[in-house]
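Colleague: Single-letter residue listing:
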Amino acid sequence: MLGRKLADRLFTGFCIASAALALIPLCSMLYTIIAKGVSVISVDFLTQLPAPAGEGGGFGNAIQGSFIVVGIASAIGIPLGVAAGMYLAEFPNTKLSRAVSFTADVLTGVPSIITGIFAYALIVVNFGGFSALAGGVALATMMIPFIVRTTEEAMKLVPWELREASLALGAPRWRTTLQVVLSTARFGIITGTLLTVARIAGETAPLLFTAFSNRFWFEGLMQPVATLPVMIYTYAISPFDEWHAQAWGGALVLVLMILTLNILVRLAAGRRW
Amino acid sequence: MLALAALLLLVLIRDSWSAISTFGAGFLLSTEWNPVAGRFGALPFIYGTLVSSLLALAIGVPLSLGIAVYLTEIASPRVRAILTPVIELLAAIPSVIIGLWGIFVLAPFVREHLAEPLMEHLGFLPLFKGPAYGYSVLTASLVLAIMIIPIISSISREAILAVPRLQKEGALALGATRFEMITSVVLPYARGAIFGAIMLGLGRAIGETMAVTMVIGNTPKLFTSLLHPGYTMAAVIANEFTEATGDLYLSALIEIGLILFIISMLVNVLARLVIRHVRVPGGA
Numbered sequence: 001m002l003g004r005k006l007a008d009r010l011f012t013g014f015c016i017a018s019a020a021l022a023l024i025p026l027c028s029m030l031y032t033i034i035a036k037g038v039s040v041i042s043v044d045f046l047t048q049l050p051a052p053a054g055e056g057g058g059f060g061n062a063i064q065g066s067f068i069v070v071g072i073a074s075a076i077g078i079p080l081g082v083a084a085g086m087y088l089a090e091f092p093n094t095k096l097s098r099a100v101s102f103t104a105d106v107l108t109g110v111p112s113i114i115t116g117i118f119a120y121a122l123i124v125v126n127f128g129g130f131s132a133l134a135g136g137v138a139l140a141t142m143m144i145p146f147i148v149r150t151t152e153e154a155m156k157l158v159p160w161e162l163r164e165a166s167l168a169l170g171a172p173r174w175r176t177t178l179q180v181v182l183s184t185a186r187f188g189i190i191t192g193t194l195l196t197v198a199r200i201a202g203e204t205a206p207l208l209f210t211a212f213s214n215r216f217w218f219e220g221l222m223q224p225v226a227t228l229p230v231m232i233y234t235y236a237i238s239p240f241d242e243w244h245a246q247a248w249g250g251a252l253v254l255v256l257m258i259l260t261l262n263i264l265v266r267l268a269a270g271r272r273w
Numbered sequence: 001m002l003a004l005a006a007l008l009l010l011v012l013i014r015d016s017w018s019a020i021s022t023f024g025a026g027f028l029l030s031t032e033w034n035p036v037a038g039r040f041g042a043l044p045f046i047y048g049t050l051v052s053s054l055l056a057l058a059i060g061v062p063l064s065l066g067i068a069v070y071l072t073e074i075a076s077p078r079v080r081a082i083l084t085p086v087i088e089l090l091a092a093i094p095s096v097i098i099g100l101w102g103i104f105v106l107a108p109f110v111r112e113h114l115a116e117p118l119m120e121h122l123g124f125l126p127l128f129k130g131p132a133y134g135y136s137v138l139t140a141s142l143v144l145a146i147m148i149i150p151i152i153s154s155i156s157r158e159a160i161l162a163v164p165r166l167q168k169e170g171a172l173a174l175g176a177t178r179f180e181m182i183t184s185v186v187l188p189y190a191r192g193a194i195f196g197a198i199m200l201g202l203g204r205a206i207g208e209t210m211a212v213t214m215v216i217g218n219t220p221k222l223f224t225s226l227l228h229p230g231y232t233m234a235a236v237i238a239n240e241f242t243e244a245t246g247d248l249y250l251s252a253l254i255e256i257g258l259i260l261f262i263i264s265m266l267v268n269v270l271a272r273l274v275i276r277h278v279r280v281p282g283g284a
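The listed protein sequences derive, respectively, from chains A and P.
So for the first sequence, our numbering puts the first residue at 1; every next one is plus one.
So for the second sequence, our numbering puts the first residue at 1; every next one is plus one.
Isolated chain A, as found in the complex (with noise of 0.2 Å):
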């Protein structure tokens, strides 16, 4: 009897120190990008060029080549990702959706830095070098499962009398599609999509040979670019101490943008207009 109790309660007691041990890193780390940030960031370090180490200098072309290459990344994936996701709701019982529908779940585990090597040799091999284009390829490679998955699981929540009953005021199939399910579904699309937009603007791997780095501003598409995540990558391993303070500015702006955009995300999504 005894026995038994105490196993209870030290399983209990296991259980409560998990959660606990697990909140360690995630304050560490949010402290520690606070504490060594925010005494890093200034408009200088927003709106500068990188320097060499000693004098000063920002991340502010890196600030812009994030944008630039998640800006591409949208581009090339969402409207795919949201085509081929319209595609698996609205004829989910052919064998050729059910296959995309199973490929769709397991891309989203590819290992970032496959998507790297893929759009080398598409874009970098073929077209002369690092670009910015590049980088946002693979970062629409990466994207385009997610986004399918999502758009897929908006619209399948529309239920098929709402389908029907379009379907019986004699609208065509693909009006029915867009303008009854697509907007019906359009907050469950939106919210999958910001999130998964979020999710891939702090990826760092998929860049390293597509965007490459760049330490002057953006000088066109197909050009090298630098990135947020990048820059940060590259200070947080050079030998200079000033640099390390700044990739942790780097680190503090980065994820005030991808938090920010989670939480809005969230708490919009929690509310359901």
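To be clear, the hints were calculated from the coordinates, so they are not data collected in a lab.
Built from N, CA and C at the ideal position, the CB exists for glycine as well.
Honestly, I wouldn't trust all of these hints.
[Claimed, not checked] Once the Cα atoms are required to be at most 20 Å apart in a straight line, the calculated SDA-like pairs of lysine to any residue come out as:
| # | chain 1 | residue 1 | chain 2 | residue 2 |
| --- | --- | --- | --- | --- |
| 1 | A | K5 | P | A37 |
| 2 | A | K5 | P | S184 |
| 3 | A | K5 | P | A173 |
| 4 | A | K5 | P | I20 |
[Said to hold, decoys possible] Simulated coverage check for chain P against chain A, where a stretch passes if three residues somewhere in it have a Cβ under 8 Å from a Cβ of chain A:
| # | region |
| --- | --- |
| 5 | 46-59 |
| 6 | 173-185 |
| 7 | 222-230 |
[To be verified] One-sided and incomplete, this derived list gives chain P residues near chain A with beta-carbon spacing under 7 Å:
| # | residue |
| --- | --- |
| 8 | L2 |
| 9 | A6 |
| 10 | P94 |
Once you have looked at the hints, place chain P on chain A.
Modeller: Using the frame of chain A, we list chain P on its own:
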């Protein structure tokens, strides 16, 4: 989508073909990584990836299950409502930032506070032989464990929530303690989904690049001590891809990418056969 998957595989095979045809199966078994001499073997990287990922599971799985049980069965609704999104927040932090934290916070901690007692008390085991470096397989596994906890715990949590209430109450009514209720009712019922959750976590650990690269020390050797540096497949690609001189070198790196792709796809297919359509935190 199918075309994308096929294209991915095709590109990887095409670009690694010169390495595949030069080294054959020996590529998988050779431990020599010598770009200057043009001899390449993938074993140290495959070994490093598997050891660090499995060790991450060994650390992360018990904690994740503990968290899942805590959040479903023990915590008050209020604590649950706060803690659930907070733990998932961990999945939203970019891996490069976890790596940055790994370099400047975790690695020094491992070197100064964790390796010392391990060597002192368990140093007779080859696993914990010194000297201790901060940048080590152990540090990498800890980082990976931190990264897979949100995935495994949130999917397991949903699996536990799916267990019919009546079954749980039945067990309790028969006099079972909470622990017995969980081992006799919840775990058998949720076993499949929990296995899937663990596989998804493993897939994530195998493919993780930045955070590992930044703390594992990047030394292509077959380590025995977890306190020594190692190397992983994803890390060697990230580090050497832009410096690869010569087609064979690049091709060897892409072949490592191909192996990594195949292993992680196998793990993911296994996971998805068990659980379809779950929301992975940090994802969509």
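Colleague: Given as covered by chain A, does the region 222-230 of chain P meet the bar of three residues or more with CB within less than 8 Å?
Modeller: It is violated: at least three residues are needed, and the region 222-230 of chain P offers just 0 whose Cβ sits closer than 8 Å to chain A.
Colleague: Verify the proposed pairing of K5 (chain A) with S184 (chain P), using a straight-line Cα cut of 20 Å.
Modeller: holds (16 Å)
Colleague: Are the Cα atoms of K5 (chain A) and A173 (chain P) separated by 20 Å or less?
Modeller: The hint holds at about 16 Å.
Colleague: Would you check whether A6 (chain P) satisfies its interface hint, that is, whether its CB is within less than 7 Å of any CB in chain A?
Modeller: Violated, because the Cβ-Cβ distance from A6 (chain P) to chain A comes to roughly 9 Å (cut-off 7 Å).
Colleague: Examine the region 173-185 of chain P for residues whose CB is less than 8 Å from any CB of chain A, and state whether their number is three or more.
Modeller: With 5 residues closer than 8 Å to chain A, the region 173-185 of chain P meets the three-residue bar; holds.
Colleague: Under 7 Å is the threshold here; is the Cβ of P94 (chain P) close enough to any Cβ of chain A for the hint to stand?
Modeller: holds (3 Å)
Colleague: Taking beta carbons only, do three or more residues of the region 46-59 of chain P come closer than 8 Å to chain A?
Modeller: Violated - the region 46-59 of chain P has 0 residues with a Cβ nearer than 8 Å to chain A, which falls short of three.
Colleague: Would the pair K5 (chain A) and I20 (chain P) pass a check requiring their Cα atoms to be no farther apart than 20 Å?
Modeller: violated (59 Å)
Colleague: Given the hinted pair K5 (chain A) and A37 (chain P), is their Cα-Cα distance within 20 Å?
Modeller: Status violated; Cα separation ~64 Å.
Colleague: Holds or violated: is there a CB of chain A closer than 7 Å to the CB of L2 (chain P)?
Modeller: holds (6 Å)
The structure fails to meet hints 1, 4, 5, 7 and 9 from the earlier list, while all remaining hints are met.
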